[in-house]
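Chains as they are written, first to last, in the numbering used here: chain A, 1 to 458; chain B, 1 to 162.
Hints listed in this document are in silico derivations from the structure and should not be mistaken for laboratory results.
Where a beta carbon is used, it is the ideal one built from N, C-alpha and C, also for glycine.
Fair warning: there could be bad hints in the mix.
Here's a subset of chain B near chain A, in silico, CB distances under 10 Å, partners left out [what the hints assert, rightly or not]:
#1 T2
#2 A20
#3 R45
#4 E114
#5 Y115
#6 V117
#7 A119
#8 R123
#9 R129
#10 G149
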Amino acid sequence: MSKGMECLAPWAGEACGVDTTATPPVAVRAWHRRGHLRYAPATPEAAVSPDTAVACGMVPGAAMAVWLTAPLVSPSKTVRVLPTLLDMALPFPLEECISTFSPPECRLPEDGGEPGMTALAVAARKQDVERRLAELAAAGMDPHVLDHEGLALWTQALRELPPEPGEGPRVVMMVRPTSVLTAVGAGGRFHSAHRSAMADIAGLERTLRIQVHAVAGAHALPEMVKWIWAGDPDAWAAVRPRLEAALPGVSSSVEAPDLFLARALAIRALTRGPLRCNLRTGTFTHPQSVRQTAHVLYRRAAVLGGLAGVLLVINAFCAYSATRQLRRAETWFMGGVRQVAGYAVPARGENALLIAERELAARMTAESPFATAYRASLLDTLNGILTAVATSEPPHVHSLRVGFDRIAIRGVASRTDAATLMHRLAPLGYALSLDPGTGTTADETVPFVIEGNAGRWP
Amino acid sequence: MTRKTNAVYVFIGALVVLVASLAWSLTLLAHEPGRRQALRQTEARMMRLEPLMRMARTLDARRAPFNEASGVADTVAQVDALFTAGNGAEVRIETVGHEGWRLHRVSVTYVSVEYEVLAARIRRAEALRPPLKLVECVLEAAPGKTGAGRAGLRFERIEPGA
């Protein structure tokens, strides 16, 4: 049984459900158009399109649907024990069967017992599946989906007539002139499905009475049975009064009752929903289903591959541009370091910069004569000092030292005269300072020192 | 291997490639802050390097005319002719070699010299090619004299060659 809500023929663009309980078989074609599901009566032979899935059913007598309960709380563990539980429930070996299971769901017993997990199992003997496929082949049909008719009735009834809040037992009746197909459940939960011959109405009544009472439990009284009628309306008269009298309740009939099962099979094949199952699996899988499934996988792989390709191209571009940006900056930086240091520095980053700074400082020191060579003659400065000294009376200059960076003039004078001399030396461009000695008055003659710094010429 | 199995393998392969691409994207995104920081640091270093490069270019430009100069002067002879001849100056010449050029440091000391004479000799020294550039001058007045005294001069001359 499909896990979750997947449709039975995801590859199909449309589905053709064939109801072989009718004589002759009736068919319904379903398809999607603009997001809406459409369906229309068709003939079984109409399903020739390669993207059309043909869905037929296995009658409840040939395929059983049974609820299994495991005293576990873990769904994954429950999934592992379900085959064993089904094997115990089956009257024949599991190896001879095709089986599917619904996803386990938690179920709290109403009698206060231990909680557990339940799952619906659908199983059919392989020879019954083979026989059914042979029958259909003889009728000119090769279905892609072999659904369970009882489940199809049940889910289609839920789809067309959703259960009302507090609704009690529900019985879906598919009545044909020779047989009756029933699905019983309550509150939207499927319970069981049966097939009876029209000749055995008493047996059918007994079966339904047992099933409805089993389903009702604490939900509702048997008087509240919800009857849903489908199939051949002419055949209802033979069973409806008697059954409704035995199990009173509310009756409803579906639209186009004759096509109800075919519609159910087509819609289940094409849409997502609960309790989907396809007994044509394993060795019985239809070759076209395999092909179409492979095509779907290839298409999805192509989409994923395309996305991956686009992502790879974007990633490659981003990685390349990021690396290139960093490398260009690094190359520029290392080229600059090489230019400054004068050789290829083996270090990187901050260390390279420190080496470049150190090498440049050493070079500036070594090449300071080149800077000096471009300066004006020091003789001009010397003449300027001598002129200033000559015009300053009465300072007596004992010595002077003149360099491009520094001058120093020592002599003897009053503080006023020394200050005047310093003022006259100001145009030479040195930052001058005067040490006027230790005289007591401004006119007292004392030793002085005028010093000046020119700062560092770049 | 059935057709469906092949398709499943192809699908899984595509899925793996997509997951790998996504993982690469995530890795790139995760490394992006670090890359940005590295780039910022490099740019910061580049900004610090730029003035150093300007200075290096300035030094190169200063040296360029000296690199192009040809011929070597006889410093000893020129200094002797300028300062030593007939006036007893004490001269010391020191030569320092560098890659592509050398520096002559010439120290001249006079016990007593007239400043006018001294200035004329300095002018002649600086007019030589390559020039003897005066870089320091120390004068001390002689007691009782005007316009003369002890003098110490220091010159530098740059010459091409190792």
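Indices of hints not satisfied (ascending): 4, 6, 9
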